[in-house]
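A.B. asks: In case you want the letters, here they are:
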Amino acid sequence: MSPPHKSAVFLERRAYQKRRMRDLARGVPVFGAVLWSIPLLWQQGDAGGQGTQNSAAVVYIFVVWIILIVLAALISRAVRSDREQPPDVKNG
Amino acid sequence: MAKRVLLIEDEPNIIEAISFILSRDGWTVHTHENGETAMTKVRAFPPDLIILDVMLPGRSGFDILRDLRGDDETAQTPVMMLTARGQSKDRELALRLGANHFMTKPFSNAEVRDNVRALMEA
Amino acid sequence: MVSFNILVAVALSYVALLFSVAFYAERKADQGRGAWLYSPIVYTLSLSIYCTAWTFYGAVGYAARSGLEFVTIYLGPTIVLVGWWWVLRRLVRIGRAQRITSIADLISSRFGKSKSLGVIVTILAVVAATPYIALQLQSVTLSFAVFAEAGGQPWGADKLNGGAIAVAIGLAIFTVFFGTRNLDANERHHGIVMAIAVEAVVKLFALLAVGAFVVWGIAGGPSQILAQIDASPISQWEQDGARWVGLIFVSGAAFICLPRMFQVLVVENVDERHLNIAGWAFPTYLMLMSLFVVPIAVVGLAILPEGANPDLFVLTVPLSQGRDGLAMFSFLGGFSSATSMVIVSTIALATMVSNHIVVPIWLRVQAGAGAKMSGDVRSVILLARRLSIGGILALGYLYFRVSGGGTALAAIGLVSFSGAVQVLPVLIGGVFWRGATRIGAAMGLITGFLVWGWTLFLPSFGAGAFISETVMAQGPFSIYWLRPTALFGIDGMDALVHGIVWSMLLNALMFFLGSVFSFPTPMERLQGAQFVNVFDYSTGSASRHTDAADAEDLLIMSQRIMGGTEAQAFFQAEAMSQGKSGYLPDVTSHFIERLERELAGSVGAATAHAMMGPLTDGHGMSVEDLIAVADEAAQILEYSNQLEAKSAEQEHTARALRTANEKLTVLSVQKDAFLSQISHELRTPMTSIRSFSEILRDGEMTPAEQERYAGIIHDETLRLTRLLDDLLDLSVLANGQVTLQDQSGDLKGLIDRAVSVAGGDTEGLRILRNPSSEALGVRTDLDRLGQVFINLITNARKYCDADAPQLRIKVGRVSGHYCIDFIDNGSGILAENQALIFEKFARVSDEQKAGSAGLGLAICREIMQRLGGQISYLPGQGGAAFRVVLPPAAILAIR
Numbered sequence: 001m002s003p004p005h006k007s008a009v010f011l012e013r014r015a016y017q018k019r020r021m022r023d024l025a026r027g028v029p030v031f032g033a034v035l036w037s038i039p040l041l042w043q044q045g046d047a048g049g050q051g052t053q054n055s056a057a058v059v060y061i062f063v064v065w066i067i068l069i070v071l072a073a074l075i076s077r078a079v080r081s082d083r084e085q086p087p088d089v090k091n092g
Numbered sequence: 001m002a003k004r005v006l007l008i009e010d011e012p013n014i015i016e017a018i019s020f021i022l023s024r025d026g027w028t029v030h031t032h033e034n035g036e037t038a039m040t041k042v043r044a045f046p047p048d049l050i051i052l053d054v055m056l057p058g059r060s061g062f063d064i065l066r067d068l069r070g071d072d073e074t075a076q077t078p079v080m081m082l083t084a085r086g087q088s089k090d091r092e093l094a095l096r097l098g099a100n101h102f103m104t105k106p107f108s109n110a111e112v113r114d115n116v117r118a119l120m121e122a
Numbered sequence: 001m002v003s004f005n006i007l008v009a010v011a012l013s014y015v016a017l018l019f020s021v022a023f024y025a026e027r028k029a030d031q032g033r034g035a036w037l038y039s040p041i042v043y044t045l046s047l048s049i050y051c052t053a054w055t056f057y058g059a060v061g062y063a064a065r066s067g068l069e070f071v072t073i074y075l076g077p078t079i080v081l082v083g084w085w086w087v088l089r090r091l092v093r094i095g096r097a098q099r100i101t102s103i104a105d106l107i108s109s110r111f112g113k114s115k116s117l118g119v120i121v122t123i124l125a126v127v128a129a130t131p132y133i134a135l136q137l138q139s140v141t142l143s144f145a146v147f148a149e150a151g152g153q154p155w156g157a158d159k160l161n162g163g164a165i166a167v168a169i170g171l172a173i174f175t176v177f178f179g180t181r182n183l184d185a186n187e188r189h190h191g192i193v194m195a196i197a198v199e200a201v202v203k204l205f206a207l208l209a210v211g212a213f214v215v216w217g218i219a220g221g222p223s224q225i226l227a228q229i230d231a232s233p234i235s236q237w238e239q240d241g242a243r244w245v246g247l248i249f250v251s252g253a254a255f256i257c258l259p260r261m262f263q264v265l266v267v268e269n270v271d272e273r274h275l276n277i278a279g280w281a282f283p284t285y286l287m288l289m290s291l292f293v294v295p296i297a298v299v300g301l302a303i304l305p306e307g308a309n310p311d312l313f314v315l316t317v318p319l320s321q322g323r324d325g326l327a328m329f330s331f332l333g334g335f336s337s338a339t340s341m342v343i344v345s346t347i348a349l350a351t352m353v354s355n356h357i358v359v360p361i362w363l364r365v366q367a368g369a370g371a372k373m374s375g376d377v378r379s380v381i382l383l384a385r386r387l388s389i390g391g392i393l394a395l396g397y398l399y400f401r402v403s404g405g406g407t408a409l410a411a412i413g414l415v416s417f418s419g420a421v422q423v424l425p426v427l428i429g430g431v432f433w434r435g436a437t438r439i440g441a442a443m444g445l446i447t448g449f450l451v452w453g454w455t456l457f458l459p460s461f462g463a464g465a466f467i468s469e470t471v472m473a474q475g476p477f478s479i480y481w482l483r484p485t486a487l488f489g490i491d492g493m494d495a496l497v498h499g500i501v502w503s504m505l506l507n508a509l510m511f512f513l514g515s516v517f518s519f520p521t522p523m524e525r526l527q528g529a530q531f532v533n534v535f536d537y538s539t540g541s542a543s544r545h546t547d548a549a550d551a552e553d554l555l556i557m558s559q560r561i562m563g564g565t566e567a568q569a570f571f572q573a574e575a576m577s578q579g580k581s582g583y584l585p586d587v588t589s590h591f592i593e594r595l596e597r598e599l600a601g602s603v604g605a606a607t608a609h610a611m612m613g614p615l616t617d618g619h620g621m622s623v624e625d626l627i628a629v630a631d632e633a634a635q636i637l638e639y640s641n642q643l644e645a646k647s648a649e650q651e652h653t654a655r656a657l658r659t660a661n662e663k664l665t666v667l668s669v670q671k672d673a674f675l676s677q678i679s680h681e682l683r684t685p686m687t688s689i690r691s692f693s694e695i696l697r698d699g700e701m702t703p704a705e706q707e708r709y710a711g712i713i714h715d716e717t718l719r720l721t722r723l724l725d726d727l728l729d730l731s732v733l734a735n736g737q738v739t740l741q742d743q744s745g746d747l748k749g750l751i752d753r754a755v756s757v758a759g760g761d762t763e764g765l766r767i768l769r770n771p772s773s774e775a776l777g778v779r780t781d782l783d784r785l786g787q788v789f790i791n792l793i794t795n796a797r798k799y800c801d802a803d804a805p806q807l808r809i810k811v812g813r814v815s816g817h818y819c820i821d822f823i824d825n826g827s828g829i830l831a832e833n834q835a836l837i838f839e840k841f842a843r844v845s846d847e848q849k850a851g852s853a854g855l856g857l858a859i860c861r862e863i864m865q866r867l868g869g870q871i872s873y874l875p876g877q878g879g880a881a882f883r884v885v886l887p888p889a890a891i892l893a894i895r
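Residue numbers (my numbering), protein chains in the order written: chain S, 1 to 92; chain D, 1 to 122; chain Y, 1 to 895.
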């Protein structure tokens, strides 16, 4: 099944990097989900006002949001959906 | 009164030969050369015996024989068939159709004369 | 104070603007000049229909009531979009490859084009979406009411209802107009997408404007806002963890599963690469949409009187500050949110209803009515869509009226979401797992639908509406563990989370078990393979929205079935007949029809129709599908071709044997006939000879008689000799053993000699000639050529039956060849005999005179063939006519 490689080393390296970029693209939502799950650990507010402040929560959530957007934007340049799918991920 | 023989045959030389042989034996010989009009001739001049060639212009001798046998007037008239093709199936066909005798050319004169005599006396 | 009439005027002119934008986009698209229509920006903006009036107005109210929980509605989609590589990319590729028209179509298609699954998903979608549409109607009418109240004319219930009706009718008109203008095979609506993109910009900027006003205009800057948050009733993080996770999950799933989202994400997608951009651009949009929600909420809570509806803060905060223009802008934003959602939602649902419910029923009803025309189906589909659009909006309005338009409606948003996501297990399972089957999918969907209905949808109408309070508290028939909010006896869960967890869990479980324990049909397996391995089957190359590309696909498909050369020739001819050059004709219904017929020649009519039918109907199987089927068909064809080739080979051999046998039989018959003829020809003269020689031997005759009979004998022996000579001659000629002489002479002399040998120009046969035309030098075997002439003249002498027989001998040139025609004035030869006369012993009639054995013309033909010329019968000359064509090499010069 292996395609013939001409000038192997250089191409191989690029293909490898491309593949890692795709891994990164897959990783972004996982990263986001984990970061946005952190509020689960926050102190619940109560009458005494000892809980996590919503002003800080807003900042946290939006900072994570911006990080995700920037990451996705950077990665979207590296991976192109219309390129051939590498054989090892064709089912997944 | 001399018995009448009708010879239906298209080869002029053969007509002449058979006419000569039979006339010399005392028969009255009439001849006819065309297959198509042969039946008309037979009806107009009912012969006592018919000598019929197989290959005739216009109509085959077998067809004429079939007609002869199908006609009440001529059903019993003796018919002697002649052929130059000499194939056994012709003989079989002729006999099946009701020919009284079948002769292959060339024949000897005596053969013709004897057969005609035999058929006439029968 | 802005007058209510001005507001109505502004709203109407805004609608007019949307109409013109949609018109303009459609026109550009029709002209093929709307490249900007296909930009990723438009695609991204069209996704904004996710943000409905519920989020535009409701998010602030949500925040005012429950703090940051509202943000989960945006976080879910963000995660899905930044993770586009996982699911969205696959869905979009499948949607394009399979020409999916809706989410119901995707599910139905994936599971072997199952009709029932399409129906289930459609019903589920309609049930889940109707309250949501009602919600949009409510928000628009409420926002109108806000302005009416501000203008000093508070709206009563009748006015609210009237407003809702007006909005519903207006939306129906717009949607029917642009949503069913054409029946594009790809179900793309450029006008609507463009109008939605404009609305997306309006609502974003409206919200940003209000937010900016609140932050900088009222609070005095970001730090003040944060301080104000700390001082507000929602200063503390009081988020229920289960709801936090559950809502992120539901909103993310709904982003894929909502019919309207599927419509813009997958169906309206013109280029897969747009996902690349949307993957980060739409999260940005969502982030901006939610950026000022909390500030607006806290400021609204701070400055507006107690009891003010927080759902309308976006309008009432600017109004309370006298910012009428801003409030108006904000109103347009909310109006945009509501209308864009309703329009797309209605289109998506109408497509599903018409494709999966109305049209199948119509086709079934029509099935007995004979052949269907494709144009017929088109008009039915369009009509079905229009009626469905009206019906869905009417349903939404009805729900609005029945539910009373109160706060109960506000809660329905999430319930609606959780209903839509019941499709998720089947959707994800279907595109990732080949083992998923139709049975499993149906079981999962129905289970999910029932559990959702029981635990979320019916209770959402309030206790006592559909489910009595007793049942709520004790379970149906006092079955305790079936209580709608506490299935299996587990109390204490948040009702929404409870419903989502159980419905999704049971849904997925039934789907999984059903799939594992059922066996898929071949069609399911084919489709399953194509969906799961979509990246192996398709390419994501440039957008395919022109007919030329479709023609190309058809060509590829046809080549596999018809073979390359034939398919190309057919396509080229079709293109030429349309006045185009190249190989790709426009895909007209006429062309499809002809192609179908052409294909029918290769794969049979039924298969061809099955292959082409979906194209003419405008939905269903995709071209890639057809290609897959074509591949299979080609393989089968190949195989049967091999079989056929083998049997053809045997057939060929058998036929050769039969032919040989027939030939032998014919030869045998010919041989018999020939021998019989020879026999006859030999015996006849022999008979005369024998008879007369016997007569001579017997004596007793006159000398004259004697002489005559001897003469007959002599003639007959000559005849015999001649016959034997001819036979020998013919045999030599036929076997090619003859040696030709190379002689030169002139034609006139040759004919002269032939005439004199054949008896001369006498009363019996007048010979008419034109000596000047005969002045021709010839070089060939003159003896043989003369023999032909003699034969022909002799024949004329023998057979010409005219009273005064004549034979004309004409020499002339016909198409470069010298011909000598022998034409007598007799009755000629019958047409049916003309082919026979050159055969051996051919007897045209039995009128052969003595001396003719019927070999003359056969010998003539053999001679002319040897000499390189030919002899033929020349019909239509008034008598028997023979043409001798001299070989070109034989001509020396004109003397």
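If you're looking for bench data, these hints aren't it; they were derived computationally from the structure.
All residues carry an ideal CB built from backbone N, CA and C; glycine is no exception.
Heads up, a few of these hints could be off.
[Said to hold, decoys possible] Stretch by stretch, here's where chain Y covers chain S in the computed footprint (C-beta under 8 Å, at least three residues):
#1 16 to 28
#2 34 to 43
#3 55 to 61
#4 65 to 74
[What the hints assert, rightly or not] Using 27 Å as the maximum straight-line C-alpha spacing, the simulated DSS-like pairs for lysine-lysine come out as follows:
#5 D:LYS3 x Y:LYS671
#6 Y:LYS646 x Y:LYS663
#7 D:LYS89 x Y:LYS646
A.B. asks: Each hint should be assessed against the structure and marked as holding or not.
C.D. replies: Each hint, compared with the structure:
1. 16 to 28: Satisfied; 4 residues make the cut.
2. 34 to 43: Per the Cβ count (6), the hint holds.
3. 55 to 61: Contact hint for the stretch 55 to 61 of chain S vs chain Y: holds, 5 residues under 8 Å.
4. 65 to 74: Result for this restraint: holds, n = 8.
5. D:LYS3 x Y:LYS671: violated (42 Å)
6. Y:LYS646 x Y:LYS663: holds (25 Å)
7. D:LYS89 x Y:LYS646: Distance ~45 Å between LYS89 (chain D) and LYS646 (chain Y) Cα, so the pair is violated.
The structure fails to meet hints 5, 7 from the earlier list, while all remaining hints are met.
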